[in-house]
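Asker: Model the full structure from these sequences, guided by the hints.
Order-wise, the sequence lines are chains P and X. The numbering of the first sequence is this note's numbering, which starts it at 2 and goes up by one. The numbering of the second sequence is this note's numbering, which starts it at 2 and goes up by one.
Keep in mind that the hints were calculated from the coordinates and are not lab data. In this text the structure is predicted, and so the values were computed from the model without any measurement. The reader is advised that the hints may include incorrect statements.
The list treats identical chains as one, so a pair stands whether inside a single copy or across any two.
Claimed, not checked - Cross-link-like lysine to any residue pairs, in silico, SDA-like; alpha carbons within 20 Å at most:
no., residue 1, residue 2
1, K66, S8
2, K236, A247
3, K66, T16
4, K66, G18
Number of protein chains: 2
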Amino acid sequence: MALETVSTNKAFGGTQGVYRHASTATGTDMTFSVYVPPGAEAGARLPVIWYLSGLTCTHANVTEKGEFRRACAELGLIFVAPDTSPRGEAVPDDPAGAYDFGLGAGFYVDATEAPYAANYRMYSYVTEELPALIAAHFPADMGAQAITGHSMGGHGALTIALRNPDRYRSVSAFAPIVSPLRCPWGEKALGGYLGPDRATWRAHDATALIEDGARVPAILIDQGGADSFLEGQLKPGLLAQACEAAGIPLTLRMQDGYDHSYYFISTFLADHLRWHAERLGRR
Amino acid sequence: MALETVSTNKAFGGTQGVYRHASTATGTDMTFSVYVPPGAEAGARLPVIWYLSGLTCTHANVTEKGEFRRACAELGLIFVAPDTSPRGEAVPDDPAGAYDFGLGAGFYVDATEAPYAANYRMYSYVTEELPALIAAHFPADMGAQAITGHSMGGHGALTIALRNPDRYRSVSAFAPIVSPLRCPWGEKALGGYLGPDRATWRAHDATALIEDGARVPAILIDQGGADSFLEGQLKPGLLAQACEAAGIPLTLRMQDGYDHSYYFISTFLADHLRWHAERLGRR
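Answerer: Shown next, in the form of structure tokens:
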């Protein structure tokens with residue numbers, strides 16, 4: 002598993018890197034970023050926090066705008082930010098070039114429908130191939146992983162944590178899509194990647210996974226009250242109902258006046274990192 | 002002085018705004034950003050920190066990548082980030098389109114040479130027109146101003162503070178150009194904007210200003226040890242010599258392993274804000 006270093010920059014005493022590799026899962030080159038905090042030099046293995054990004058994003062958005070490095074340096078967390086889809090001229094995109102399907106919109110599933118099934122395997126990429134690469138190339142304690150994400154990436158974080166409760170010790174999200182079965186973004190994406198049988202979608206719907214018996218110890222969600230996608234796409238109340246029925250402790254913080262942007266995420270990301278660090282035994 | 006709001010986003014309890022106005026100084030529209038921390042709602046007037054950006058930048062670079070809002074919110078500082086030059090199709094650029102002159106490279110001087118003199122009046126813009134606009138439209142205590150900047154903007158911060166010691170209570174810089182008289186960037190820019198008489202350049206050279214008698218109470222500088230421009234362009238040792246001869250307390254921190262990027266700036270910008278806040282009576 003060869004890894005090409007695109008760039009490294011010292012930041013907050015650690016190293017912010019961007020890396021590229023030939024992905025078996027997606028059949029394309031994939032780029033991701035990793036922040037390694039200070040303290041790993043002496044041979045220590047550090048916990049890993051996964052950050053899954055939203056529609057239209059690459060690794061770069063959170064890497065440049067997320068303001069996570071100060072807290073990661075203080076808490077001793079490795080921060081990994083994957084891309085949101087396969088990329089390249091040979092990769093099929095949305096037929097109309099829309100932002101909410103295809104490139105930049107992999108939805109963290111393994112597609113079964115043509116022509117997407119060959120490349121759009123972001124579930125396998127994020128849960129299998131990239132973790133193996135991180136374990137091989139970085140000072141990571143793969144026994145101490147946590148996951149978070151934003152919007153489509155919040156959907157990714159919640160569904161991946163619910164499907165892999167032994168892997169991720171904690172899960173949080175920013176303005177997540179909590180039920181792709183019940184919003185236009187989700188219906189388009191899961192229909193396109195997984196086909197018309199909505200029963201197959203339930204394995205990639207956080208609310209449905211909980212209804213069907215999946216469990217995690219706790220969930221933290223921040224949601225901007227001025228987020229223009231709140232009512233039409235995100236619908237955190239659906240997750241709150243499912244968590245209440247299932248007995249999953251959900252901390253759902255409605256943040257008055259905040260929108261869907263990185264100005265919102267950067268305000269609260271350090272809070273989430275501290276919450277994860279407690280559950281990873283780092284405080 | 003009409004002001005157009007381009008965008009506002011809630012962040013760290015305050016408001017990050019981007020604004021546009023028709024500038025008298027430059028004869029063009031100018032865009033800038035202002036962060037107003039929480040606490041201004043009750044009618045309080047808050048101190049102002051000016052951040053001057055480097056070559057190729059607009060207001061957006063530090064606004065997106067600077068990681069200053071958490072500290073500004075804690076300290077109660079308004080953070081203003083101007084553009085680095087006039088912009089527009091009618092504005093003369095570097096004849097060869099180089100990055101280090103013309104658009105994105107105003108060097109915080111009032112040009113006297115054709116064809117630049119009509120628009121390239123960034124000294125007047127940053128010290129007169131924009132402060133008046135800030136005073137009129139934001140809850141700013143214009144009796145409590147501080148200034149900092151990066152690279153070309155560090156040069157701007159140092160020279161503007163040295164020329165206006167009654168205006169700015171404190172000054173700091175990140176990897177500043179300390180003597181445009183003695184580096185290729187400076188020779189090209191000041192020659193192009195001010196003409197061949199190097200005596201006129203001294204009023205826009207921090208080291209020469211100090212040699213010629215200008216004084217500030219103290220200077221804080223962070224400089225990356227792995228900055229590729231350190232030896233050829235920045236030369237902080239020239240400023241250190243002038244400060245030592247003049248009895249100006251200079252804290253020059255060489256930061257091992259850091260480069261010239263916003264990964265460096267964001268690591269130390271909160272430190273600078275705290276340093277300025279102390280001098281502005283905010284701690």
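Asker: Each hint needs a verdict: does it hold in this structure or not?
Answerer: Right, here's what the structure says about each hint:
Taking identical chains as interchangeable, the C-alpha atoms of K66 and S8 lie at most 20 Å apart whether they share a chain (17 Å) or sit on different chains (17 Å). For a Cα distance limit of 20 Å, the shortest separation of K236 from A247 inside one copy, 18 Å, qualifies, whereas the shortest one across copies, 63 Å, does not. When the C-alpha separation of K66 and T16 is checked against a cutoff of 20 Å, the pair qualifies both within a copy, at 16 Å, and between copies, at 16 Å. Proximity of K66 and G18 under a CA criterion of 20 Å is satisfied in both settings, with 15 Å inside one chain copy and 16 Å between copies.
Taken one by one, the earlier hints all hold for this structure without exception.
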